[in-house]
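The lines below spell out each chain.
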Amino acid sequence: MGNFVFAPLLHRRSKLIINGNTDETSMNSQSSTAEYKDYRVSYDVTSNIESYPWYDIKNRKKHKSQTNCIRTTRYNILTFIPKNLFEQFHRVANIYFAVLIGLNWVPMINALAKTVAFIPLTVILVITGVKDLVEDLKRWRSDAKINKQLTEVYDKTSRTFVQCKWQDLSVGSIVRIRADQTVPADILLLSSASYESTCYLDTAAIDGETNLKQKIIPSCFLNISKPEETKFELHCDQPNEDIYHFHGRITFSSDTNIYPCDNNNILLRGCVLRITDYVDGIIVYAGNQTKVIRSSKKTSSKHSRIEKYINRDVLCSSVILIFLCLLGAGLSLRLERSFGNKWIYIPFILDNPFQNAAGHFFTSALRFVILFQVMVPIALYVSLDIVRVLQMYRIGRDKNLKYDHSISCHTFTINEDLGQIGYIFSDKTGTLTQNELIFRAVSIGGVKYSNRSELPNEHDPLIHQFLTALAICNTSFMVHEQRELMYRLDYQPKYEGDNADDLVLCQAASDFGVRMISRSAKTIVVRYIDSTDTQKEDIEYEILCLLPFDSSRRRMSIIVRTNNKIYLYIKGAETSILPNLSDSNDQDLKTITEQHGMDFAEQGYRSLLVAYREISFEDFENWFEQYQNAANALDNHEEAIADAANRIETNLILAGLTAVEDKLQDGVPKAIATLRCAGIKIWLLTGDKQATALSTAQAASLINMAQKVHSDNDSLSSTSLSSSSSSSSQNNESVITAWDFSETAQAHLKQRTHMIYYKSQLNEMDQQSDTQHQATIDEIRTSETIARISQDITVQQLPVCLVVTGDDLSLILRYRPKEFIRVAGQCQSVILCRVSATQKRELVTIAKSVFEHRILAIGDGANDVGMIRRSHCGVAVRGREGSQAVAAGDFAVDRFECLLNLLLVHGAWCFTRTSELILYTFMHNCQFVLVIFYYQLFNAYSGTACLHSVYLVLYTSLFTVLPQCAAALFDEHISAERALREPELYQYTLNGKSYRKHSYWINIFDAIWQSTIIFFINYYSYQHQSNIDVLSFGFLLTFSMMTTSLLHVLIQTSRIDWSVVGSTILSFLVFIIFTLIYDDVCVACSPYENPYKVSYRTFRQGRFWFVNLFILITALLPRFTVKCVYNTIRNPLN
Amino acid sequence: MPGQGETEEDHEQQKSKKPADTAFKQQRLPAWQPIITANTALPVFLIIGLTFIPIGIVLVITSERVLEHDIDYTDTNCMSTTAANTTCAQALENANYTGQTCTCRINFALDKSFDGDVYFYYGLINYYQNHRRYVRSRDDNQLLGKEGAAASECQPFQKNSTGSGKDYAPCGAIANSKFNDTLSLLYGSENVSVTNLGIAWSTDKAVKFKNPDNASNYFSSTHDKPPNWKLSAWELDEPNPENNGYQNEDFIVWMRTAAMPTFRKLYRKLLRNSTFQNGLPKGDYTLVVTYNYPVTSFAGRKQFIISTTSWMGGKNPFLGWSYIAVGIVCMITFVVFFILHKTWKIQNRPPM
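Chains as they are written, first to last, in UniProt numbering: chain A, 1 to 1134; chain B, 1 to 352.
Honestly, the hints are just simulated from the structure, not real lab data.
Since this is a predicted model, take the numbers as computed values, not measurements.
Honestly, I wouldn't trust all of these hints.
Stated by the list, open to error - 30 Å max Cα-Cα, derived DSBU-like pairs, lysine-lysine: (1) K342(B) / K1123(A); (2) K165(A) / K226(A); (3) K178(B) / K342(B); (4) K230(B) / K114(A); (5) K230(B) / K342(A).
Stated by the list, open to error - With beta-carbon atoms standing in for the labels, derived distance ranges: (6) G129(A) / K230(B): 57 to 63 Å; (7) I1077(A) / S216(B): 35 to 41 Å; (8) A357(A) / I47(B): 52 to 58 Å.
We treat Cβ as the ideally placed atom computed from N, Cα and C, and that holds for glycine.
Whenever a hint applies, use it, and build me the whole structure from the sequences.
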């Protein structure tokens, strides 16, 4: 019989302790003493209660314990309508419409037919509601499918594992997962069928990584054969979304020791078990609290810059609207009062204008608000949403963006920003490069070797240590171990692991004759093959401790014991290891190795330094105790471990250097050159060292270092700044000229890049002064350096590239981040080396507040996630580093190259298209409102619209919205070929030329002109023979507005294709057919406005056609002329 | 377009270099990219100029051929025949608009003969028949002869609330303020023969306006006449039941509310018989006005208008002159652009 206790003790949920009759006292005492927060899972097999699952179901009802049933739906049958409506009314647009409809119901205000006024809002609500419903149904179905999957759970009654649905599991259950089954919840591994006490996981569903991961059983369970029959308690973190970290402590009822467990012991929901026959585990987090489900809840709300413009112009329109309404109301009151007390005899004045003047003024102002409501194009936000999704859909279908996958989009609100990117913050590895690592060379003891045959025949201890380090100082493991083959000399296991560098180096060591042939959680067996390939020697290493790699430490080490000696092997970035080398190292060797590092870097190779040390037993024992404490800490766990690691990773003996090449992706040089021509400034942020970064930058045509120029004569070099062109590569110009660009672009690319190196000499002074003083010096130096660079940039004619390393960057970020970014923003390109993930994120965050232009961040790995999230527009490259970046990115592409089409073509298109749509909507609505306003001048400012209510409501929505939306999807202000061939045209959208501050006013003036023509030509053409009635006149105005607006779209689009023409014709047909039917059917649809046969009679008049021909041409003539003049004499780029 | 050919070539080149570009073709649909420059705009201006000026001339001539004679009879023109030195307007005002009737005779001469169909209008100026409150004060269902209470839109002329409590038939402010002057024309001493049929829209008379069943009872006992009316609706044209009640054409014409504060409504058509076979001959005429309709309270004017017509409708030279003006502007623009274009040799770089 089993019993579990699950109790998050914090908050008011502490009363949720479930059936803690045996454990309650111990738990309470524990919780009061423990600094370990709040979340605990207890397991006890002995207490005697009802059997599972009855027990669980009852408890779930009683105590709402966390079950494994997931629910991602937003509504249920009862809540759908109220909740959905509630959500929809969070939109300002819907509230605006609803308020106006409400006002329209007030009899005194009533401006439109009451029922007709409902149409637009109802349509919007219904469409959105149906969309939400369909999405929710999909979620509901997938939830049900997931919840009904089967797994095996430990039944405490029968003491066997029985089948059970996922949804019936809950925290504290012990489950058994068999090979190729999916893990149903976040579980702590208790036992494994594999004799190594490990298991292999396919985590593709979580992070997209295809290689297998190895998980191990917590050390405390290693010796327990049937953990499901013990009693223990686990304290761990509250449920969180961090899928890479987990810390917990296990206590057994039988002893007082505390055992740690971490992420290596946890199987996350959604992983698939491979190879291992089965594993057992206890559920730690279930259902909606699992890490995967929590991390998938992404809250991203990015807004494009264009929305700022819209808001600004909506404000202008609101002011105009208020002005018109107050003016109309005032004039109305004045006119009606001008008749004095004779008003009683006047047939058309029905209400006393002298009674309640304020109320009269107020109601008539509100009536005008209803009548003129489209002046504020709130519906624009709705049409923008729709258009953006469709734009994105079209971008997704562009075959030029498709390599293995087509582009995928997660954010649909920032399409226009793609046309306004001024800065690209790019990761290097995996983004510019392929992240396919190729082993190139090693440098051991000052000698370079590129393959095994170059190794000296005699045994060299340094080579031995170096290769051993490569073979074991990693996290790789072997999967298809065929034990019967293991004894053969040429046995070559296949390495698996999540670190690409590790795999390459491990394989390289194997090729060099030091082969890791077996690995478990505790031991590693390495086979040493002698140079003649005839003899082997297998040595077993016992793993004492593994200090894993992380991006701030930039190194990993492993402590092993063999032949009663303890060794520490370490490998990592040069800067992270060099300071920790022991003084006993040969200085020459150090220099040579550093020189080799430079050589490798100049060839674009990535290098890692390898070192080792021997540790005495006492030292290790002492240290290990400290380490254990750190590992058990729940607070600042990472820092504590890093601290502990620092203490042991000292006095290292240099072994050598590795060089691994990562090739540039196809098309990257061209893409970067094109983006540079487009005026986009590219910032390269890389974890690599300066030389590697520079050589990659050169190869990627980010910089153009023509020849070697030594900086000796440069006055600045003596100070904290040196300026030079460093080592050149041979083929730079020939690469660039091969591309087919316009002449200006070519010339731009041929310019040599002026390199500025940000260099501070602060490190050397570190020891001399106290920290307080040091901080001041740092601050002053930083600002001085920035000021010098700033001067240097302003005098420089050539394109400038600024190079900064991570150490300097951290000082800059501490003291003068904004100044630095402002200065660096003037450079053509910036290369930041040795940058950590946090620095990347911080840079982007600060840059966002400084730069005027939009920032795009592109990267592929988990270390780019912060940068991608913070940027205006985050692009993820689908690479080998998992899907973390893809999940965070607004767009995910296959290659860096895709940026070309995405920005220069689609971004520019989207920006111009959307700005046209916005400006047209403002213009078109203003034109409509002004026509109605002019009519007020001739009806005593009384609020007669003269168009009947249906026209009033449908004109700006159904009748005219289609062509402009078609244009917003299909218009191309330049062809795609030209956009790529003349990248400098990107400046047009980059500087927002198609939507400038005055664009709004130009369009408002055009609206004034068009409405004036439409109204007054109609008015004066019919005035003299003025037996025309209100509804006929209304139809005249509507028809003129229709034709003018439709033709306006055709003039305004730069590309006339089937979609624009088709939608124009369709709109016109909808209007005509609607009118003809309505005018034939509506004899008495409403008490007072029935346009029966109005249009039929109007069409028969000759005057009607001549008036409309005239209006059509005259209304559009100014725009046509201005466009013609503008296009002829002005280059739109200026 | 200049440069278009080059772009095509470049496209071809790129294609051969990079196979992915072929996909462009698949997204490509026939499209025309007109770039409005001086080159493309010049012919447009020329064509507009060349067509608008002739159209304008034709329209002006057509309008000039229409003959029209307006007589304002609001005040001084219309002296009461009963009271000396009183205009009919004053007579009504003196009686406080309580249904006083006044008659006046106005003599005038036509200098030209009005040939063809001649139409007689009454015109009202400064009369806001399009006022929001006014224009809604009607019940189209009632006018269709449907049973049922008058619509609330008719307020304050929905029903006789101070008296009988019956609904007004027809209800509403529009009907209540129906124009009720009687205008007749004498040619010398001969009555000009006119008809009051065919002046309303035939569709209105056939479909939109219907008398209820048992109309005489409806109008005389179950409903009240509107307060301003002297006669009930069933007494508008008693001799002709087809033109009586709601289907009276004068009433239908009035109910089609005018779009502008200055408007005219068709009053009568000339019956072309004997003397008036070819229209109205030139000569002396007398307009006899039975002046019932007060307009002075809102500074309104009343007119009697005699007009012929054309295919463009009544007299209105405005549109013709507008055509001519815009046509001339376009021609000037054309010339200016042409000269600029020739002198400056504007570069042919395709803009955006």
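*Honestly, which of those hints from before does the structure not fit?*
Violated hints: 3, 4; rest satisfied.
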